[in-house]
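Full structure from sequences and hints, please.
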Amino acid sequence: MNIITTPDNTELFVKDWGSGQPVILLSGWPLSSASWEDQAMVLVEAGYRVISYDRRGFGRSSQPWNGYDYDTLSDDLAAVIQQTGAVDVTLVGFSMGGGEVARYMSRHQGKSVVKTALISSVLPFMLKRSNNPDGEEQEMFNSMIEDIKADRAKFFAGFFKKFFGIGIIAQPVSDELMQWMQSIAMQASLRATIECVKSFSSTDFRDELSAFNVPTLIIHGTDDKTVPIEISSREAAQGIPQAKLIEYEGAPHGLFATDKDMLSRDLISFLKQ
Numbered sequence: 001m002n003i004i005t006t007p008d009n010t011e012l013f014v015k016d017w018g019s020g021q022p023v024i025l026l027s028g029w030p031l032s033s034a035s036w037e038d039q040a041m042v043l044v045e046a047g048y049r050v051i052s053y054d055r056r057g058f059g060r061s062s063q064p065w066n067g068y069d070y071d072t073l074s075d076d077l078a079a080v081i082q083q084t085g086a087v088d089v090t091l092v093g094f095s096m097g098g099g100e101v102a103r104y105m106s107r108h109q110g111k112s113v114v115k116t117a118l119i120s121s122v123l124p125f126m127l128k129r130s131n132n133p134d135g136e137e138q139e140m141f142n143s144m145i146e147d148i149k150a151d152r153a154k155f156f157a158g159f160f161k162k163f164f165g166i167g168i169i170a171q172p173v174s175d176e177l178m179q180w181m182q183s184i185a186m187q188a189s190l191r192a193t194i195e196c197v198k199s200f201s202s203t204d205f206r207d208e209l210s211a212f213n214v215p216t217l218i219i220h221g222t223d224d225k226t227v228p229i230e231i232s233s234r235e236a237a238q239g240i241p242q243a244k245l246i247e248y249e250g251a252p253h254g255l256f257a258t259d260k261d262m263l264s265r266d267l268i269s270f271l272k273q
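The sequence shown begins at 1 in the UniProt record's numbering and counts up one residue at a time.
Subject to a maximum C-alpha distance of 25 Å in a straight line, what follows is the list of computed BS3-like cross-link-like pairs (lysine-lysine):
| hint | residue 1 | residue 2 |
| --- | --- | --- |
| 1 | K162 | K198 |
| 2 | K149 | K128 |
| 3 | K162 | K149 |
| 4 | K111 | K244 |
| 5 | K225 | K161 |
| 6 | K198 | K161 |
| 7 | K161 | K260 |
| 8 | K162 | K225 |
None of these hints come from the bench; they were simulated from the model. Because the structure is a prediction, the values reported are computed rather than measured.
Written out as structure tokens, the structure is:
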């Protein structure tokens, strides 16, 4: 098993597949690197080295009490880049993982990074404030945390229906895949699950968008009910200097599963440019 040890002695489970130009995939909340496996397979077959890892507190990584703020999480990413020897890296962040990309670009000056991609990302700022009037209400995130504390398994059963756009008629993913995602989410510690909600909901990345000094691909579904495109990727695309936004019409949040073939093609096309 590949393990990377961070400066605070947290052990991160890492998958390092293939060879060629490196692509690092960062998963969303409340998932692990397992959620990226469809794209990882396709990227390796296309000639890329694919590195993915489980965020601290999630999946097969260790579960410390602290370190779920974006400064520490970006330091974890820096440790992965340094200890794998990856250079000329493309960072791909899904949902919460987009925040780690942003904080790495600002806090670590984008060292070794040549491209970035943000998929269904939380950037630039989720929370409603007087200077962010279209954001989500604090009460929504407070309610999420209370529901997680009360019955985490029940919460995730409902959460993933919205995540994958499942409705009375729509069924873009199988029941079995839903169950798999719920099992991945339940691998995380309760502490990590809650603290990461606080981090991705309250961290303001607006001043960090200018730190993206490399070509950046942004992909987001127009029917995303988990991270609405209007308050996220459309705003991020305006603030990131070399950004290209691709909107998936009618698509929900979980694009790595609902639109996996199109997502893989768009990522490979971007990597080849």
